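A.B. asks: The residues making up each chain are set out below.
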Amino acid sequence: MIHKKTVLLAVGALLFALLSVLAGLMSGAAGLTLTELWDAFADTQRATAAGRIVWYVRVPRVAGAMICGAALAVSGAVIQGVLGNPLASPGMIGINAGAGFAVVLCAACGILGGWRLSAAAFLGAFLTALTVSAAAHRFGASDSIVILIGAAVNSLLGACSDTVTTLVPDVSIQSTFFRAGDFSSVTAQSLRVPSVIILCALGLLLFLTNELDVLGLGEETARGLGMHTGRMRVLFLLLAALLAGAAVSTAGLLSFIGLLVPHAVRRLTGGGAGMLLPMCAVLGGAFTVLCDTAARTLFAPYELPVGILLAFLGAPFFLFLLLRGRGGQDHA
Amino acid sequence: MLELWDLRAGYGHSEVLHGIRANLCPGQLVCILGPNGCGKSTLLKTLPGILPITGGKILLDGRAVTDYPRTALAKRMAYLSQGRRIPAMTVGELVLHGRFPHLQFPRRYSAEDRRIAEDAMAQMGISAEAKRPLSALSGGMRQSACLAMALAQQADYILLDEPTTYLDIGHQLALMRLLRSIADGGCAVAAIMHDLPLALTYADAVWVMRNGVLVMSGTPGEVCTSGVLHEVFGVDMIADNGSYYCRLRRD
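Line by line, the protein sequences give chains C and V. Residues in the first sequence are numbered consecutively from 1, following the working numbering. Residues in the second sequence are numbered consecutively from 1, following the working numbering.
It is possible that some hints are incorrect.
[To be verified] Taking lysine-lysine pairs in the DSSO-like style, the calculated list, with each CA pair at most 27 Å apart, reads:
1. V:LYS75 with V:LYS131
2. C:LYS5 with V:LYS131
3. V:LYS131 with C:LYS4
4. V:LYS57 with V:LYS75
Bear in mind the hints are in silico, worked out from the structure with no lab data behind them. As the structure is a prediction and not an experimental result, all values here were calculated from the model.
Bound conformation, chain C alone (with noise of 0.2 Å):
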């Protein structure tokens, strides 16, 4: 049965998503009124500037950002869940820099795009993510080492992208792009691989809801469900780093969206996976395209990198999270 609360959760979301899209679409250094929108949206040959604006720069502009802030808050959502760890998030825990350190690799290869980058971002998020949720495993570590470890990894990761920089000078530029995190060379040819590598992940987490919060009740109640936990963790932290690896792979390292919106979505669900997931999917899409709308308008006509919005949103909530020293999850 479906409860009133759920629907009426269901309906505003997809509503906030559809006015953030709406807003991303319509505002930039061209502004567009919605008769406008709708005559661009009909211009199928892209012969007005409307057309052109609309059609190769803010529909591949706000897609990605919806995609990847979906991507990035269900890794959250799903790296919170496996660790047992409300303050961890793909960007607190290394696994942006893990996949941010791959592409600057591609990059220094000549590797600017395609289902290569991608899948060296993955492997970059998902190599980082089995080592620090294999450190949290092996000693038991408390929410506050974790984050530590995150830390130290984000740290030594961005010294190796730093490394790399500095022998191969021409990578510097993508490096700059990536370390920020802006959606403004999002085309929609870049985006095809990551988008299906999205999807794909995204489709397969909702299948696996339940898993995830049986995960989330602790090792021992897990293994008495009758769950390979072992080889459940390293198949979410999988699907995890997928998400991660596509987004960042698409707009660079975005940080703190992982954090942000599964916090504010248990707010509101105060429910499982079954709600968080796919709410997170909606939420985290429409709080970037706002984000980045807000980014590249507000100081017009500089454009503001979004991550650095993001970085100025979320800080300080990570400091009143760590202050309040919980987050919806506990323990007895």
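Start from chain C and add chain V according to the hints.
C.D. replies: Below, chain V without anything else, positioned relative to chain C:
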């Protein structure tokens, strides 16, 4: 029947259980007693295969538990651990996850699963709390929700690590009566307890452990009169027509 043959288990190179021999039969409520750190929780974790054994064997209906697929074992044995996370979900969702071992493709709970979960909540008297988040509940209420999850598993063997923790005396008595009725219904229940009179009053059999060894297994009357409890805990127990008292001395 669950048979433990010279069971040995531990953590890493440190052996905690040193050759435990015991049986747990359907229809039996067994209370496991012993001082802190004597291996009670370790013993309970080895039974459903959560902790691997290092020696001996555990047979469930004549077949080694290690030969059972994990989900098949979870359908036979429900295990409630001592320390639990407080997940971000409602009471109803938690209890429903007791049906996890019974999940089939497409990995969604059926109407039958929901009915069983509702029955388990009713049994524990927490139906009214179904939609409340676990984080908003008291420790006792949360414990009841976890017990309801174990009941929803509908296993033949129910293994509970300190189920009376966080419960007030009224709820402890209600829980023991419930465990008694579950055992009377044909299930085997093993519960780690620290309240000696409560354990002796309701159990069919008592296992007393010390330093990883099962020092005595018997009926409450036998255990009470044997002096083993004085030896292990340093307290005197008095049996009086089916009731048990703990006599404490202030030195």
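A.B. asks: What are the numbers of the hints that this structure violates, sorted from low to high?
C.D. replies: none
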